[in-house]
Every structure is written in C-alpha cells, then in structure tokens.
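Engineer: Listed here are the chains, written in short residue letters.
Number of protein chains: 2
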Amino acid sequence: MFSGSAVIDYDNTAGFNTDGVPAMIAAYTADSPEKQVQCIAYSLDNGRTFIKYKGNPVIDSKHSWNSKDTRDPKVFWYKPGNHWVMVLNERDGHSIYTSANLKDWKYESHVTGFWECPELFELPIDGNPGSEVMYGASGTYMLGSFDGKVFTPEAGKYPYTAGSIYAAQTFTNMLDGRRVQIGWGRISHAGMPFNGMMLLPTELTLRTTKEGPRLFNVPVKETEQLFSSVRQWENLTSDQANELLDEFDRADGLRIKTTFKLSHATSAGFNLFGQRIIDYDLNFNTVNGTFYSPADRTSMEISADIYIDRTSIEVFIDGGAFSYSMERKPHADNQEGFHFWGNNIEVKNLEVFSAQSIWK
Amino acid sequence: MFSGSAVIDYDNTAGFNTDGVPAMIAAYTADSPEKQVQCIAYSLDNGRTFIKYKGNPVIDSKHSWNSKDTRDPKVFWYKPGNHWVMVLNERDGHSIYTSANLKDWKYESHVTGFWECPELFELPIDGNPGSEVMYGASGTYMLGSFDGKVFTPEAGKYPYTAGSIYAAQTFTNMLDGRRVQIGWGRISHAGMPFNGMMLLPTELTLRTTKEGPRLFNVPVKETEQLFSSVRQWENLTSDQANELLDEFDRADGLRIKTTFKLSHATSAGFNLFGQRIIDYDLNFNTVNGTFYSPADRTSMEISADIYIDRTSIEVFIDGGAFSYSMERKPHADNQEGFHFWGNNIEVKNLEVFSAQSIWK
Numbered sequence: 000m001f002s003g004s005a006v007i008d009y010d011n012t013a014g015f016n017t018d019g020v021p022a023m024i025a026a027y028t029a030d031s032p033e034k035q036v037q038c039i040a041y042s043l044d045n046g047r048t049f050i051k052y053k054g055n056p057v058i059d060s061k062h063s064w065n066s067k068d069t070r071d072p073k074v075f076w077y078k079p080g081n082h083w084v085m086v087l088n089e090r091d092g093h094s095i096y097t098s099a100n101l102k103d104w105k106y107e108s109h110v111t112g113f114w115e116c117p118e119l120f121e122l123p124i125d126g127n128p129g130s131e132v133m134y135g136a137s138g139t140y141m142l143g144s145f146d147g148k149v150f151t152p153e154a155g156k157y158p159y160t161a162g163s164i165y166a167a168q169t170f171t172n173m174l175d176g177r178r179v180q181i182g183w184g185r186i187s188h189a190g191m192p193f194n195g196m197m198l199l200p201t202e203l204t205l206r207t208t209k210e211g212p213r214l215f216n217v218p219v220k221e222t223e224q225l226f227s228s229v230r231q232w233e234n235l236t237s238d239q240a241n242e243l244l245d246e247f248d249r250a251d252g253l254r255i256k257t258t259f260k261l262s263h264a265t266s267a268g269f270n271l272f273g274q275r276i277i278d279y280d281l282n283f284n285t286v287n288g289t290f291y292s293p294a295d296r297t298s299m300e301i302s303a304d305i306y307i308d309r310t311s312i313e314v315f316i317d318g319g320a321f322s323y324s325m326e327r328k329p330h331a332d333n334q335e336g337f338h339f340w341g342n343n344i345e346v347k348n349l350e351v352f353s354a355q356s357i358w359k
Numbered sequence: 000m001f002s003g004s005a006v007i008d009y010d011n012t013a014g015f016n017t018d019g020v021p022a023m024i025a026a027y028t029a030d031s032p033e034k035q036v037q038c039i040a041y042s043l044d045n046g047r048t049f050i051k052y053k054g055n056p057v058i059d060s061k062h063s064w065n066s067k068d069t070r071d072p073k074v075f076w077y078k079p080g081n082h083w084v085m086v087l088n089e090r091d092g093h094s095i096y097t098s099a100n101l102k103d104w105k106y107e108s109h110v111t112g113f114w115e116c117p118e119l120f121e122l123p124i125d126g127n128p129g130s131e132v133m134y135g136a137s138g139t140y141m142l143g144s145f146d147g148k149v150f151t152p153e154a155g156k157y158p159y160t161a162g163s164i165y166a167a168q169t170f171t172n173m174l175d176g177r178r179v180q181i182g183w184g185r186i187s188h189a190g191m192p193f194n195g196m197m198l199l200p201t202e203l204t205l206r207t208t209k210e211g212p213r214l215f216n217v218p219v220k221e222t223e224q225l226f227s228s229v230r231q232w233e234n235l236t237s238d239q240a241n242e243l244l245d246e247f248d249r250a251d252g253l254r255i256k257t258t259f260k261l262s263h264a265t266s267a268g269f270n271l272f273g274q275r276i277i278d279y280d281l282n283f284n285t286v287n288g289t290f291y292s293p294a295d296r297t298s299m300e301i302s303a304d305i306y307i308d309r310t311s312i313e314v315f316i317d318g319g320a321f322s323y324s325m326e327r328k329p330h331a332d333n334q335e336g337f338h339f340w341g342n343n344i345e346v347k348n349l350e351v352f353s354a355q356s357i358w359k
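In the order they appear, the protein sequences are chains D and H. Here the first sequence stands for residues 0 to 359, where the numbers follow numbering that gives the first Met the number 0. Here the second sequence stands for residues 0 to 359, where the numbers follow numbering that gives the first Met the number 0.
Pulled out of the complex, with its shape left as it was, chain D reads as follows (with noise of 0.2 Å):
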C-alpha cells in the first residue's frame, strides 16, 4: 500500500455516512508486481479504523499509461464545479480526474515534468487572489491556474526546499484558510522500527519577491509554544559568537535565529560540530549547494531560522524564501561546537531558544 490522501465526505456523496456521522474516505494506491491501482476505504471513527471499498480499484491505469508507475492519489473538494478532484502521479506527470462520488473517476487531463505525490492548491499572493500551485514530491513547483479539470502552468518551475525533505503533502480545509505542509524527512534512525521522519509542519505562501510570486514556506505558528528564547545578542564578530554559544554545542533540541553580514569575502557560514548548518557562497550565490539569489542582491546578508532536533536540523532562510533539511550528524573528530566562519562577518543577531518536546 502506497500513500495517498484523505478527505471528510460531509455531503455523503458516497453513501458511506452512518447515523449522521460523515465518513473520512481514504484514497490510496494498491502495489503489486504487475501494477499500482487506487483504491478508497472509509472510516467512520476518526481514522481508527478503515473499511474497504468492494468496489476497489476505483482507477486502474496502468493500459492507458504503459507504466507501473501509477500512484498517490491526492483528493479534495473542487467547490466552483461542485465535483471531486483527484491528482494522481501517472508516468512522467500529475494527471487529473473528477468524480462526483470517489467511486466512478473520470480522466480529465495531464501535466508532464512531475514525479510522486503530488499537490495541487490555490493560494493567495501576499493576501490577494492568487494562484494555483502544483508540486511534485521534490520540492519543485510550477504556478498556474485550474478550472477544476485542467491545470495549466504558467509559471516555474521553480525550488522552494530542498535537503532531506521528500513527498510532502498539504492538509485542505483548515477552518482557518491556512495550507500546511508536512514533509517527510529522509533521515535514518538506526535500529528504529520506522523509516525517516515527518518534519516540522509548516504554512505555505505565496509572496511577490523581486522575480514575481514566489513560495515561502516556516514552522506553523503553534510551533512557537515549543521554545522560549533564553539568550539574545547583537552585533557580534564570529570570534564572539563562537564562546557565546559554547554552552548550548552539546544541547538535545534547540532553536537558533541568526542574521549574519559578509564584508570581506563572498563566502560565510555555520556549522555544528563540523557540518555545515549554512552555507553561504555569494560568488557562486549558493545556500548549502542550492542556487539562492537574495531579494536585496547587494545586502551580503543571509538571515537563518534553525530548528535542531536529536536527529534533524531544518533551516529557513530570509524569512523562508527557501528552506532546507538535513540529518544531524556532527563530524565525530571536531570539537567546536556551534561555529560561525568566514573572514570578518558581522553576527548582527543571534538568538538561542530551549525547545520543549512535543511528547511532554
């Protein structure tokens, strides 16, 4: 069994409601060694629990496309046609089908360039009406409209996030209009019985930046109850910096702010234990290897928000103009600690958080 999406059936559209209560109706792709076929299943104890659907496949694809690679259904409600939609990674893109029940699915178009899990949302830019977003399970995404059948680039593509970070998927409906991401971070855990991580769920926006609107994505604000700010500073050389922050090196879960400014070269960074947290390369205009152009061009500043857990470190940079993640994993002959390098910058803010576990 593949992964796929779950949607909430108010309208009873599949007649799977029971005694009022609407079901939660799970779309997933079925794997075999011949092919990959989507199938739905229903709940009606808040996800405890999931019936199949005896009808299952609801879409077998595998003739039309010539492929294997059929998967990942993503479901939501399409209210302007008053229909369902579904995009599924068939073959080499995200092909869109519409149904008015989640059993009977009609294949209504296709955008090629896209791989795995795929996404599809509106999305304000900076509060106005917006755009269309579709994302692969990479990172990448292309902006552009939808008419509930077809979607049609216009934009990108383009990288917002990069690193560990792998087939992200968003939650729809949030009472509230926000589109929160959560990602799955590719990152080992000797020994445990699971595979990688979820990483930190975070907002997604559209923002107009100086090359046009442009996907930003930090840490949901409930995230903020986790850390308290223990120690803030200004105006610091990176000789300084360093022995300030000798004390949290060795620390299980932290949070780090950071705006730092070159001056005397066009390479700078940050490093834990040897492994570079930020790598900032203004000649080659590089972040950690990724290619990054500031919104000021000629700031010679990065500012950095850094989560650091037991296993993963996750960075936003400018604001989370783009943002990458990484398994943790401190070079075992270095000692120093949290390091800031490059030749005279300015550690113009520096703040440390203590982060609380999510457990307690």
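Among the hints, a few may not be true.
Restraint ranges, calculated between C-beta atoms of paired labels, are given here [what the hints assert, rightly or not]: (1) D:D332 - H:W232: 45 to 55 Å; (2) H:R177 - D:A250: 53 to 63 Å; (3) D:K220 - H:P329: 27 to 37 Å; (4) D:Y9 - H:D238: 35 to 45 Å.
For the record, the hints were derived by calculation from the structure and aren't laboratory data. None of the values given here were measured: they were computed from a predicted structure. Glycine included, C-beta positions come from ideal geometry on N, C-alpha and C.
Dock chain H against chain D, hints included.
Structural biologist: Okay, now just chain H, sitting in the frame of chain D:
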C-alpha cells in the same frame, strides 16, 4: 602578477603612442604579501613586449578597503562619457573607477556581492536596446543600468554557466559588435607546464525567456569550421543510439548534438564511460546538479551541444540557456562508451561531428 585586461589607446589619452602606433595598454594587479595594487604597462609591438609605466601603481586601495583583496582591473572606453572605466574587484564586490588618461583614476561607486575578475558590458535584448550585464568570476550575473560611474542592479543574480569554468572575460570593441567571452577551465593536466586551460570562446547574448531577459552563451560561429557532420539520425531508442555511437567511443575530439525526450520517468542522461555528460532530473529540475527549468516546462525534452576534447567536455543546453564544463574523466572500470540512460527515452536527434585540431 594577477590578471587584468588590455585596451588600445587610439586617442593617445595616456601619451604612450609613438610614430602613429596606438599603444596597447594592459592594466594588471601586482601582488605582494602586503597588498594588491593596480598597474599599467604599454606595448607598441602588438603585445609582444610591454613597458611598465613608471608611475605605477595607478591604484593602491588597500587602505580604503581594509583588505588585501583588490584585483583584476577590467578597463574599457565609455563612449557616452568620453572616459575610461575600470571595474575592479575590491574586497566584497566590484568598484567603478574612471579616468581620462588610464593613469589617474577616480573612485566612483561599488556593487557588493561579486568576487574576482569583474565584467561589465551592455548587451541588446533580442537585438533591441538592452541592459548592462555585470558578473564576477563565478558565472552568476546581475542585469542593471550604468551611467558611466554607477552600476545599478535591477535583476539577478542568475547563473548562466557552471562547472570547471571560472574567471571568464570578454573582448571589447569587436568590429561586428559581438560580445565574446573566453573562460578559464579549472581542469588539471598532470605534468604540463600550465594551470588549467582556456575553454571555447562563446558569444554572449541576452534573450527574453519565460522569466525575463537571461544571458545565453554558445560557441562562436568561427568554431563551426573545425567540425564536420559525419553521422545524423532521428527518432532512436536509447539502445539504438548507444549501438550507433560505438565507433566514436574513443575519439580524441568530437562534437555531438542531441535532443532527447523523456516519457516514462523524470530522469535520464548521457554518459561517456560512466562520466555523466548530461544528468537531467526533471523531478528536482537539475542538470548536472544545477537547478534548471526549461523554457517549455512540460516539454520533457532537453537538447545539448557537446564539445569533447582530449581533456575537457563542454555542454551547451537548449541553445545556450545554460552551459557547463568538466574535465574529461572516463571511469576506469566502465566499458559502456557513449551511453544514453533513462526509462523509455526517445533520442529525437543525434548528430556526430568529427573535430579538426586548431593547430593544423
């Protein structure tokens, strides 16, 4: 002595011309353990011998910048202002100096965010009045305006080339108005008495893309005379293409043009004895590790013009929208020769050219 540039002083502004022979004047950096200063020297025999100016250095700016990094003067004549311009890398960016005589220089302005080997030139956009291009050594550039004293960044930075290439410089004043660049290839040659190599001269142009004006580069048209088309095929499977290329696997020099189309996956490529000449990933949208989103974002196609020399490989993607270079480095244990890889790809075009030596 570090790199710089040379101009012809047709109007004898520096007073070095003799017997009607206009001096070729080189601006260069003299490096010492303490500082880097800018000097000039002139030649009256077409650059065969140079005489250093007695008033050197013409710029000694270590004190202004509190940095030893002041180097690589790029000098050109700014016709609208009737004066010389020097773009000089100083500490954390490119400074503009002006002069009437190449000896006395006035500091005018500075743009941060560049490193080494400045360039600044005007280019038309699609043949129409255009934009100023500023770049450093790395292959990332800004577009902007220039009034003879101040460069004002308006867009960028963007990458246009990557890989072994570094410190490319252009020729000014070409009779036909072209902007031609030669880059330094950071490619080692064991046992040779030189460091790296010069890459192919390329013509730079600004062209409108889906994202706005972008810098393209392709080998200058004069290189065409070195290559003769010897084989051409269309609509091959990768297996067919691989077999047809067998006879060329061990060629000393070669040019290959190809376009291939993906359909059953989002990654594919083209190897030579295991070395990835093209590694195209449409899920993460990278070509050989650098982010690249094609003009037609759903085409699933990529085209490449590939120049293979004894020690180097240069690749021009999609008509020069992106280019990169690498050392030719066959994997010792690989027997594949030329090898297209990728699930069900179609090799739409494949053309092989023999290469003549430029020394014949």
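Engineer: Hint by hint, say whether it matches the structure.
Structural biologist: Checked hints:
1. Taken as a hint, the range 45 to 55 Å holds for the pair D332 of chain D and W232 of chain H, whose Cβ atoms sit roughly 54 Å apart.
2. In this structure the supplied range 53 to 63 Å holds for R177 of chain H paired with A250 of chain D, their Cβ-Cβ distance being about 58 Å.
3. For the pair K220 of chain D and P329 of chain H, the beta carbons lie near 54 Å from each other, so the given range of 27 to 37 Å is not met.
4. With their beta carbons about 53 Å apart, Y9 of chain D and D238 of chain H fall outside the hinted range of 35 to 45 Å.
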